[in-house]
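Asks: Sequence:
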Amino acid sequence: MTAPLWRIALSFSAIYLIWGSTFLATRFAVEVLPPFFVAGFRFFAAGLILFLIGRIRCRERLRRDHWINAARLGLLFFFFCHGAVSWAARHVPSGVAALLMASIALWTAVGERLLQTQTRPGRRVLLSLAGGFTGLAVLVLQPEALAGSTQARAASLAVLVGALTWAAATVMASRTERPRSSFTSAGMQMLCGGGALLLVSAMGQRPSLGMITPVAAGALGYLTLVGALVGFLSYTYLLEHVPPTKVATYAYVNPVVALLLGWAVAGEILTPRSLIASLIVLAAVASIVLSRPATAPQRQPLPLPLPSEQGA
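Residue 232 is where the sequence shown starts when you use this note's numbering, and the numbers rise one by one after that.
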């Protein structure tokens, strides 16, 4: 399918800038609120809105296997990925977490190549992904030093595992039966993943009204309405018109946005090494976006957005 260039450019700008900013918003939210509650609330609330919109727009009959598949994808996308990243938000800077999550693009490309999908990346894309991953390595060789926390290494590993689960779900979604409505499908996955996170939060640390500050409330609202809903619309639109490997480049741009915002707003460290790594990452993104797919993209699966958002 063809799409106006301006819409594609606007959608890319949205997932690049909005998702890059959600790393910092999550950091502000989890400073006072339980991490699993933050992730669970935003996805459950956004999922409920999307599900209702989907049911109003399309009254298709939802089968049992639709809910089973939604639960599987929702657990991978949100419970495992964002649960891990949300916990890590307290132990690593937002920019570092974003850079670690950029490995999603690499894992997605590898998964597509292993499964021999019609949009599998060519050699140029794989080389570009390798270059981007090298840029990440330049920045995160010593996560403890960057984070200033004894738990930084475990938190960094948790983020990497979360990136892997998200990439696996992204590739798996192309072989999964889902409702025709992307709103309904996304809402079901968010409800399942977000509900599981809220359940875990309820069994552990429960939030109280006294814990909610104006900054935390604003950050949570931004994560839910802008990060989840606007980001979802942009992400799913791109997946319908652009090969998934190119869509996954947001995971390389988000870290640059997160680094700059963390430095400008939260006083996070921004060293010459960070700037060099960011330039390498941007060069890799440009190479991937400008490369031509080996085959014309067909209608892509609609996996849920926000993989790169820290703790989202």
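To be clear, the hints were calculated from the coordinates, so they are not data collected in a lab. C-beta atoms are modelled at their ideal positions from N, C-alpha and C, and glycine is treated no differently. Accuracy of the hints is not assured; some may be wrong.
[To be verified] Here are the computed distance ranges between Cβ atoms for each label pair: (1) Q436 / G353: 45 to 55 Å; (2) L456 / I287: 13 to 23 Å; (3) R288 / G362: 36 to 46 Å; (4) A361 / G441: 18 to 28 Å; (5) A497 / L456: 15 to 25 Å; (6) R290 / E408: 12 to 22 Å; (7) W237 / A433: 37 to 47 Å.
Asks: A separate judgement is required for each hint: does it hold in the structure or not?
Replies: Do the hints match the structure? See the list:
{"no.": "1", "hint": "Q436 / G353: 45 to 55 Å", "result": "holds, 47 Å"}
{"no.": "2", "hint": "L456 / I287: 13 to 23 Å", "result": "holds, 18 Å"}
{"no.": "3", "hint": "R288 / G362: 36 to 46 Å", "result": "holds, 41 Å"}
{"no.": "4", "hint": "A361 / G441: 18 to 28 Å", "result": "violated, 49 Å"}
{"no.": "5", "hint": "A497 / L456: 15 to 25 Å", "result": "holds, 22 Å"}
{"no.": "6", "hint": "R290 / E408: 12 to 22 Å", "result": "holds, 18 Å"}
{"no.": "7", "hint": "W237 / A433: 37 to 47 Å", "result": "holds, 45 Å"}
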